[in-house]
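Student: Residue 182 in the working numbering sits at position 182 of the sequence shown, and the numbers go up by one each step.
Calculated directly from the structure, the hints in this document are not laboratory data.
Predicted, not measured: the structure shown is a model, and the values here were computed from it.
Each residue gets a CB set at the ideal place from its N, CA and C atoms; glycine is no exception.
Honestly, I wouldn't trust all of these hints.
[Stated by the list, open to error] Computed list of lysine to aspartate or glutamate pairs in EDC-like fashion (alpha-carbon distance at most 20 Å, straight line):
hint : residue 1 : residue 2
1    : Lys151    : Asp40
2    : Lys412    : Glu339
3    : Lys363    : Glu414
4    : Lys221    : Glu231
[Unchecked claim] Computed beta-carbon distance windows for the label pairs:
hint : residue 1 : residue 2 : range
5    : Asp458    : Lys200    : 20 to 26 Å
6    : Lys270    : Thr42     : 28 to 34 Å
7    : Val481    : Asn415    : 47 to 53 Å
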Amino acid sequence: MNLKGFEFRFIVGSQDLYGDETLRKVSEHAKIMADEFNADPTIPCTVVLEPTAITPQTIRRLFEEANAAENCAGIITWMHTFSPSKMWINGLNVNRKPLLHLHTQYNRDIPWSSIDMDFMNLNQSAHGDREHGHIHARMRLPRKVVAGFWKDGELRRKIGVWMRAAAARHEGHSSVVVRIGDNMREVAVTEGDKVEAQVKLGWQVNTWGVGDLAERYAQIKEHDAEHLVAEYSHHYDLPPSCQNPGPSRNTVIEQAKIELTLRGLLESEKAGAFTTTFQDLHGLPQLPGLACQNLMQHGYGFGAEGDWKQAMLVHSAKVMAHGLPGGVSFMEDYTYHFEPGKEASLGSHMLEICPSIASTRPKIEIHPLGIGGKADPARLIFDARPGPALLVTLIDLGDRFRMIINEIETIKIENEMPKLPVARALWKPAPSLSSAGEMWILAGGTHHSVYTDALTSDYFIDWAEMNGIECILIDNDANPVKLKDELRWNEAYWSGRR
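Throw the hints in and build the complete structure from the sequences for me.
Tutor: Set out below in structure tokens:
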């Protein structure tokens, strides 16, 4: 994954009343800013400076070119001088890219002793950006507004967050979710409107038969699987029984074959995510465990029980988090600890938790599963890193999609769990276990989610905004009474947008 491959067009506005010298200065300043943005690792993608926008024809052409550019993931606008906003209407009307309005100015300080009207005419973003912001509001356009001095670290961080969200959105519009078989029977939350998902989010959600997978599996060469097992040994701890020829090593080799099978299918379909369900994996000797975990480690999204919404959300989060410290994984809520003062929630899944969230080097082990009717599968075992994290889920309410975010604090697991040989995480949700549980359920949250300690809430809020979907945040300031009102207000608002 190369985030620098995503382009963001930087359109700087002015007008032709100020003369050539002023316009030359505008272009000069804009180039300096674009070059500094591109040199700053906080800005993860490529900023492409466009010619200064001074006429309606130029502005419309710049937006049309951005729409047509395959690698363009968004547009950043800034008014260095006053740029009459009626010039922007036709361009904004045709725009199909996420939009960030950068409200800044080239100079940091007012030159008190030398300021004159020439300086004022050139450096009047306080004037021009208000005119520009007005037309966005007048046209009811979704956009991100970031204000402050363009060299400040916090301003650049906000731009970087928005860029990563826009890159994930852009990636989603060319991604396929490969569903191996169908959803787990009778489960509600894994269902959803696949056509609306493609209309709204760009995701192509299609099904491949288990027979397609079994046929590919039969063609995997033993030496290719052995090579992958050798790669496993570089990243994970293998017990001696798995290092030497015998039944245990054969079990790990089977997982390598399954991973190669899945990877081949995903690559052939240019897919970003996939789903499985243990009710529908005929022709495979084991349920995919280590195979799914290692594929997630390499950036693929995954959803259990056919949950394609969380699978693609995992992949989107992987795109946003690329190059950042921390990880992203599929997660499932399992059981609570209600001891007073130590309330916490334990999350895990049978097999498929990504090692990117591990606190220590994961171990490959083989244990019975007790479900699915397959041979004992190899899986990675580890505890998640302590620290701030998020749970994020995407649900289909029938008339719209809703994202729900819960800020959590992952804590160290102090007690041994020798009879639970799976990857797991223990966390304290904000504002408390009971209140968070009430609000998650009031909002319709699922038992499946994206878990990440690489991203903060603002990444997902930006992503939801630019995709035009509802977003609910459960943090330390949230409470069930206020949330009920918010859900009622949202019902009226989103119903009016249908």
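Student: Work down the list of hints and note, for each, if the structure agrees.
Tutor: Hint-by-hint comparison with the structure:
{"no.": "1", "hint": "Lys151 <-> Asp40", "in the structure": "holds (10 Å)"}
{"no.": "2", "hint": "Lys412 <-> Glu339", "in the structure": "holds (16 Å)"}
{"no.": "3", "hint": "Lys363 <-> Glu414", "in the structure": "holds (18 Å)"}
{"no.": "4", "hint": "Lys221 <-> Glu231", "in the structure": "holds (16 Å)"}
{"no.": "5", "hint": "Asp458 <-> Lys200: 20 to 26 Å", "in the structure": "holds (21 Å)"}
{"no.": "6", "hint": "Lys270 <-> Thr42: 28 to 34 Å", "in the structure": "holds (30 Å)"}
{"no.": "7", "hint": "Val481 <-> Asn415: 47 to 53 Å", "in the structure": "violated (35 Å)"}
Of the numbered hints listed earlier, the single one contradicted by the structure is hint 7.
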